[in-house]
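**Q** Protein chains in written order, with this note's numbering: chain A, 1 to 304; chain B, 305 to 811.
It is possible that part of the hints are untrue.
[Said to hold, decoys possible] Interface residues of chain A toward chain B, partial, derived using beta-carbon atoms under 10 angstroms:
id: 1; residue: ALA108
id: 2; residue: LEU110
id: 3; residue: GLU178
id: 4; residue: LEU183
For the record, the hints were derived by calculation from the structure and aren't laboratory data. Everything numeric in this text was worked out from a predicted model, so none of it was measured. Beta carbons: idealized from backbone N, C-alpha and C, even for Gly.
Residue strings, one per chain:
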Amino acid sequence: MDFSSINPILLLASLMVAATPIILAAAGELVVERAGVLNLGVEGMMITGAITGFIATVTTGSPWIGFVAAAAGGAGLSLLFAFLTQILLSNQVATGLALTLFGLGLSALLGQGYNGIKAPEFPRIDIPVISEIPVLGPILFSHDPMVYVGIGIVAGIWYFLRYSRAGLVLRAVGENHEAAHALGYHVIRIRVLAIMFGGACAGLGGAYISLVRVPQWTDGMTAGAGWIALAIVVFASWRPWRLLIGAYLFGGVTVLQLNFQAAGIAIPVEYLAMSPYIATILVLVLMSAGRAPGSLGKIFHASR
Amino acid sequence: MTDTLLELRGLTKAYPGVVANSDVSFTIGKGEVHALLGENGAGKSTLVKIIYGLVRPDTGSMTLNGAPYEPSEPRAARAAGVAMVFQHFSLFDALNVAENIALGMENPPAMGDLAARIREVSEQYGLPLDPDRVVGDLSAGERQRVEIIRCLLQDPKLLIMDEPTSVLTPQEVEILFKTLNILREEGTSILYISHKLEEIRTLCEHATILRLGKVVGNCDPRQTSARDMAEMMVGTLLHVPEKAPHELGDVVLSIRGLSAPAPHQFGTALKNITVDVRAGEVLGIGGVAGNGQDELVAALSGEMKTAAGMVVIDGREIGRLGPNERRAAGLCAAPEERNGHAAAPDMSLTENALMTGAVRKNLVNRGLLDWPSARTFAEEIIKAFDVRTPGPANTARSLSGGNLQKFVIGREIMQNPRVLVINQPTWGVDASAAASIRQAILDLAVSGAAIVCISQDLDELREISDRFAALNEGKLSAPRLAKGLTIDEIGLMLGGAHDMEVAHVDA
Chain A
1 MDFSSINPIL
11 LLASLMVAAT
21 PIILAAAGEL
31 VVERAGVLNL
41 GVEGMMITGA
51 ITGFIATVTT
61 GSPWIGFVAA
71 AAGGAGLSLL
81 FAFLTQILLS
91 NQVATGLALT
101 LFGLGLSALL
111 GQGYNGIKAP
121 EFPRIDIPVI
131 SEIPVLGPIL
141 FSHDPMVYVG
151 IGIVAGIWYF
161 LRYSRAGLVL
171 RAVGENHEAA
181 HALGYHVIRI
191 RVLAIMFGGA
201 CAGLGGAYIS
211 LVRVPQWTDG
221 MTAGAGWIAL
231 AIVVFASWRP
241 WRLLIGAYLF
251 GGVTVLQLNF
261 QAAGIAIPVE
271 YLAMSPYIAT
281 ILVLVLMSAG
291 RAPGSLGKIF
301 HASR
Chain B
305 MTDTLLELRG
315 LTKAYPGVVA
325 NSDVSFTIGK
335 GEVHALLGEN
345 GAGKSTLVKI
355 IYGLVRPDTG
365 SMTLNGAPYE
375 PSEPRAARAA
385 GVAMVFQHFS
395 LFDALNVAEN
405 IALGMENPPA
415 MGDLAARIRE
425 VSEQYGLPLD
435 PDRVVGDLSA
445 GERQRVEIIR
455 CLLQDPKLLI
465 MDEPTSVLTP
475 QEVEILFKTL
485 NILREEGTSI
495 LYISHKLEEI
505 RTLCEHATIL
515 RLGKVVGNCD
525 PRQTSARDMA
535 EMMVGTLLHV
545 PEKAPHELGD
555 VVLSIRGLSA
565 PAPHQFGTAL
575 KNITVDVRAG
585 EVLGIGGVAG
595 NGQDELVAAL
605 SGEMKTAAGM
615 VVIDGREIGR
625 LGPNERRAAG
635 LCAAPEERNG
645 HAAAPDMSLT
655 ENALMTGAVR
665 KNLVNRGLLD
675 WPSARTFAEE
685 IIKAFDVRTP
695 GPANTARSLS
705 GGNLQKFVIG
715 REIMQNPRVL
725 VINQPTWGVD
735 ASAAASIRQA
745 ILDLAVSGAA
755 IVCISQDLDE
765 LREISDRFAA
775 LNEGKLSAPR
785 LAKGLTIDEI
795 GLMLGGAHDM
805 EVAHVDA
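Produce the complete structure using the sequences and hints provided.
**A** Quick look at the structure:
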């Protein structure tokens, strides 16, 4: 056993990277659920984003274009969910599960011929001056841009939901869609937009895995990150900053247990591998005090 | 009234299979309180939805202040100065008062300014309200204030109120009427929809009566008796419930020193309630909501268990038994909240009939459900109580409030109980349906059952009770003979320990 091989600064820095895909996907799903829609297809939208982003990056050579393509891919798939659940009024749980299965299959199909290729590197940016700060610099200010985009999205969602009129309307639609309709708000339009935002965020999260974390394409490479994102939204009581804490916690324990495995600690690998899930659930259950949006998962039909 | 604010001409709206409004025309003057009367299903709701821009008429037109008025959505109606207080509150539980109000406004000011405006306007109209409180924690009366303040902040020219008093205590009704009178003096017109004819007589200057979607009459409610208005609504002579003369039998239900702690944070503890009810007798229990009515029903129905000897039927102690064992012993109960408590909204009428009727009607055979008998039972209820529905396969939710109420009360009465406990039997039910429900209760009493009827409608209690008692902070007053009891005396009984004012119920 050799703990000296674990570098705490490197550990904390890689925590932020490990958490980013989950932050992106969960932030999108949070908006969707606050609008009263339960989209269980996060995993499917992530993997679709991962492959569309990967293809676009390999084709054009630009990771930025790749991320845009990933967002478009995730949003495009979510539009299918929006059409089925909002227009045809299908059951959201069943449709979401189907979306995940569909996304996994579709991405495997699209990804044929891309296995084993390495994506062009997505350069890290060392923010001038502050990245030089000892300890804090490498942990906080020396990452690729998507890490900051993820945090920015969470902050933006927090501000949007709390302070903007549109955010208030979105929360109202999620809380009581019948009342919102009676007041003259367009429930379905608002929900479709929220679903597309959620899909775009999930696509970004997936592309972060295929373009930055790994970075190459393998079938099913999101490996359950979408489900973790869904769980974190619930355990974070639908609040953006708690979501960030939950994702970092999960990312942190994941990185830590990998380091423990590498260090050859005398705990069976199975226990180490399950530790991030247990730690995240425990902490978020202890913190959770919120209640779900009142109309979450319910079908809205403007019966006149 | 001098000039016209809103004029409706020939409004017609048809849905597949039913004409909700047919050629409806009337006018509302400036500063007029105009009542819209009609039974359940007469087309009142559709009409106000047209005025508020939620529904578009097939034909017909409206003018507001002389200009054509065709709101395509509620936003347009609000912009034109039409505001509406909904029957089922259009509020968001998880949001606070200020956020709820902002959602109902076109161009809300910044939250800080809005909170100040809410305080100011709510004081001005005598409806105190704290903008920072979460709506989910408010009482029904306070929630309605939120709706009203939301309307008032937009300086409406026309305020539509759909059944505003059905959830209010008498004191709250009095406060509401004061507010409406202030508004009227300021020149605001009010379109007021209610089943409670006495309220309309005290408040409104003009009434339009709808029946089956058509205007069937106009009147000045101050000059017309409640009975005449009810008959115009129904279209036939109104049947006044009558009790055939009969002798009271032995004591069937004894409540002996019933005490129980409050079941939840906002509940009321029951304190040493003692009363006997004899066969053939109707005991009316009055009182302002929240004084232990729900708890008393729960303690009698078996939802809340008590010490064994606190509830006794025919000499048998049943205080520790659950609802089904009590049904077997002869006690049936119909709680107040019909959608969700008395009935499961998304289940069919057959299933709902089965749920409470299983024991007494033998609808379960060795653990298996007897569907044909359950369906027959549901059909019998529908037939006997004139429940308007295509059939027993329809869900409880699809019925209008009055029809569902007839069904849930009928379901208990058809089981021929020894003791029937009912809470608010005619809440939100129109006059003719209410009369038939009351008649059914009286008929059951004549057949020898003991009945406990809890209600906030004092007229109803005077009409059907043999004895009257008041429930106040979980304590029951000594029952008095209902015959000859005046409203003033009832008021004093209701007042109990704390002296509160009783609303005017005098005709």
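**Q** Would you mind marking each hint as holding or not holding in the structure?
**A** Here is how each hint holds up against the structure:
Residue-level restraint check for ALA108(A) is violated (minimum Cβ-Cβ distance to chain B is 40 angstroms; threshold 10 angstroms). The beta carbon of LEU110(A) comes no nearer than 41 angstroms to any beta carbon in chain B, farther than 10 angstroms, and the hint placing it at the interface is violated. The restraint placing GLU178(A) at the interface with chain B holds, with a minimum CB-CB distance near 8 angstroms, inside the 10 angstroms limit. The beta carbon of LEU183(A) is positioned within 10 angstroms of a beta carbon in chain B (closest approach about 6 angstroms), and the interface hint is therefore held.
Of the numbered hints stated above, those contradicted by the structure are hints 1, 2, listed in ascending order.
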